[in-house]
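Q: Spelled out from the first residue to the last, the chains are:
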Amino acid sequence: MSALDVTFVTADRTVWSGQAAQVVVPAVDGSMGILPQMQPTLAILGTGTVRIIDQDGHVDQLAVDGGFVSVDSDVVTIGVDDATSIEAQDSRF
Amino acid sequence: MGAQQRVFKQKIRSAQGMKKIFKAKEMVAASRIAKAHARVLATTPYAEALTRAIGSVATHSEEINHPFLDSERSRTGRAGILMITADRGMTGPYSHNVIRAAEQLANTLRDEGKEPVMYVVGRKGESYYRFRNRPPHRAWTPYKENELPDLGREIAGVLTGDLLSDDQSVHLDELYVVGTQFKTRFVQDTKSIRMVPMGIAAPGTIESRPAFPLYEFAPDADTVVAELMPRYVQSRIINILLQAMASEHASTQRAMKSATDNAETQIRKFTRLANSARQAEITQEITEIVGGADALSGSGRTER
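So the protein sequences, as listed, match chains A and B. For the first sequence, our numbering assigns the number 93 to the last residue and increments by one with no breaks. For the second sequence, our numbering assigns the number 1304 to the last residue and increments by one with no breaks.
Careful, some of the hints might be misleading.
Claimed, not checked - Here are the simulated SDA-like pairs of lysine to any residue, each with C-alpha atoms no more than 20 Å apart in a straight line:
1) B:1011 - B:1021
2) B:1020 - B:1092
3) B:1035 - A:56
4) B:1023 - B:1089
5) B:1035 - A:28
6) B:1144 - A:56
7) B:1269 - B:1258
8) B:1183 - B:1269
9) B:1009 - B:1273
10) B:1257 - B:1016
11) B:1035 - A:39
12) B:1019 - B:1261
13) B:1144 - A:32
14) B:1114 - B:1103
15) B:1114 - B:1099
Don't read these hints as lab results, they were simulated from the structure.
This is chain A alone, in the form it adopts within the complex (with noise of 0.2 Å):
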C-alpha cells in the first residue's frame, strides 16, 4: 500500500514530516480525509483538529486555526500559522 508523504510546517518551523497512512483535516467546509492517491487538492484550513495516522495505526494530534493543505501525487503539505500538539488520545481507529 502506498503512503503520505507529509510535511507540516508552520510559519517559524517543522512540526511534523514523514510517511502517513492517512490525514485529516479540518477544512474551512468541512472535515477532509486524505488518503493515497487522492487528486490534487489545495484547501484552506478552518478552526480544528489535524490527525495524522501513521502505517502502525498510531495518530498525532495538533489544534490548527486556519492555514491551507495541498495535496499532490501522495505529497501532502500542511501549513499553518501556529499548531499545539494534543496527547494522543485512545486511537478511534
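Start from chain A and add chain B according to the hints.
A: Relative to chain A, chain B alone:
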C-alpha cells in the same frame, strides 16, 4: 613611578577592559548567528509550500482577482515602507545602511509623486526619524529576538489591514520592505523589495517554470487566493525579519572583531610609550647618579 608612566598604565588598563567587553560581545554575536540562521532556514519549508500553492492557483485560473495582484493600485498615492533596523547599538553600519536605503527609496517615491509612509521596526530607525521631527507612521520597538515570528504576524496584520482599507487616510497603494538579506555570515545585503503589488510571472514566460498540477480547490479558487495572499505577505515579512536578525548578529560580530583589534593596537601603542617613558626615567636617574659621582670625584675628596 613617574607621572607619565602612571598615565600610560591607566590607559592600558582601560583599553584592556574595553577589549574584554568587545571580545565578549563578538563571541555572543558569533554564537547567535548560527541560531538565527537556523531560524531563517526553519521558515523555508512553509514559504516554499506557500509559493508553490500560490503559483499553482495562478496557473490554474487565468483571471484570479486579488487586490495584492492588481498592478494598477493608485487610489491615494500612499506607499508604505517597512524598514527593519536594529534595537541595539554596536552593530557597525547595519542600521545606517538600512536607513540610507529607505531614504533613497522614499526620495524615489516622492519623485514619482507618491507619499511615502514609514513603518519602522527597531529603536535605531525609530529614533532616527523622531530626532528629525518626522515620526514614523508606526513603529515597533523594542522587540525581543525570540518573539520575532509573533512580531511579524502583528506587522503583517497591520500592513494587510492598511493595504485593504477603504479609508482614504489609511489606505496604502504599495508596500515596500527595506531590510538586510543574510547570504552568509560574511555577506549581507541591504535590499529594498516591492511586496505589493505582487508580480506573478505569466504562465509560460519562464522556461524552467515547474509544471504545477491541476488542483481541485476547496472551497473555490477565489477564496483560496484571498486566504493565501495575506499568508504569503506574512510569511515573507517573518522571513525578512529573521534574516535581518541574523544579519544584525553578523554585523555586530564584524564590528566587535575590529573593535577588539583596535583595542589591541591601542594596548600595544601605550605599552611602547610606557616602556620608553620608563627607560627615559631610568636613563635620567643614571645620568643624575653619574653626574653626582663626577661632581664628587671632581671636588678632590678621596674618602666618602
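Q: Decide, hint by hint, whether the structure agrees.
A: These are the hints, each one checked on the structure:
Among the hinted pairs, residue 1011 (chain B) with residue 1021 (chain B) is consistent with the structure: their alpha-carbon atoms are about 16 Å apart, no more than 20 Å. Between the alpha carbons of residue 1020 (chain B) and residue 1092 (chain B) the distance comes to roughly 18 Å, so the proposed pair stays at or under 20 Å and holds. At most 20 Å may separate the alpha-carbon atoms for a hinted pair to count; residue 1035 (chain B) and residue 56 (chain A) exceed this at roughly 35 Å. A C-alpha spacing of about 16 Å is found between residue 1023 (chain B) and residue 1089 (chain B), which places the hinted pair at or below 20 Å, so the restraint holds.
At roughly 36 Å between alpha-carbon atoms, residue 1035 (chain B) and residue 28 (chain A) are farther apart than 20 Å, so this suggested pair is violated. For the hint pairing residue 1144 (chain B) with residue 56 (chain A), the CA-to-CA distance comes to about 42 Å; that exceeds 20 Å, so the pair is violated. Restraint check: the Cα-Cα separation between residue 1269 (chain B) and residue 1258 (chain B) comes to about 16 Å, which is no more than 20 Å; the hinted pair holds. Of the pairs offered as hints, the one joining residue 1183 (chain B) and residue 1269 (chain B) is violated, with about 37 Å between alpha carbons and a cut-off of 20 Å exceeded.
Distance restraint check for residue 1009 (chain B) and residue 1273 (chain B): the Cα-Cα separation of roughly 10 Å lies within the 20 Å cut-off, and the hinted pair is therefore satisfied. Taking the CA atoms of residue 1257 (chain B) and residue 1016 (chain B), the gap is about 14 Å. The hint holds against a cut of 20 Å. A C-alpha spacing of about 39 Å is found between residue 1035 (chain B) and residue 39 (chain A), which places the hinted pair above 20 Å, so the restraint is violated. With a CA separation close to 8 Å, the supplied pair residue 1019 (chain B) and residue 1261 (chain B) stays within the 20 Å bound.
Distance check on the hinted pair: residue 1144 (chain B) and residue 32 (chain A) sit about 38 Å apart at the alpha-carbon level, beyond 20 Å; violated. Simply put, residue 1114 (chain B) and residue 1103 (chain B) have alpha-carbon atoms about 14 Å apart, close enough for the 20 Å limit, and the pair holds. With a CA separation close to 19 Å, the supplied pair residue 1114 (chain B) and residue 1099 (chain B) stays within the 20 Å bound.
Going down the numbered hints, you'll see the structure goes against 3, 5, 6, 8, 11, 13, while the others check out.
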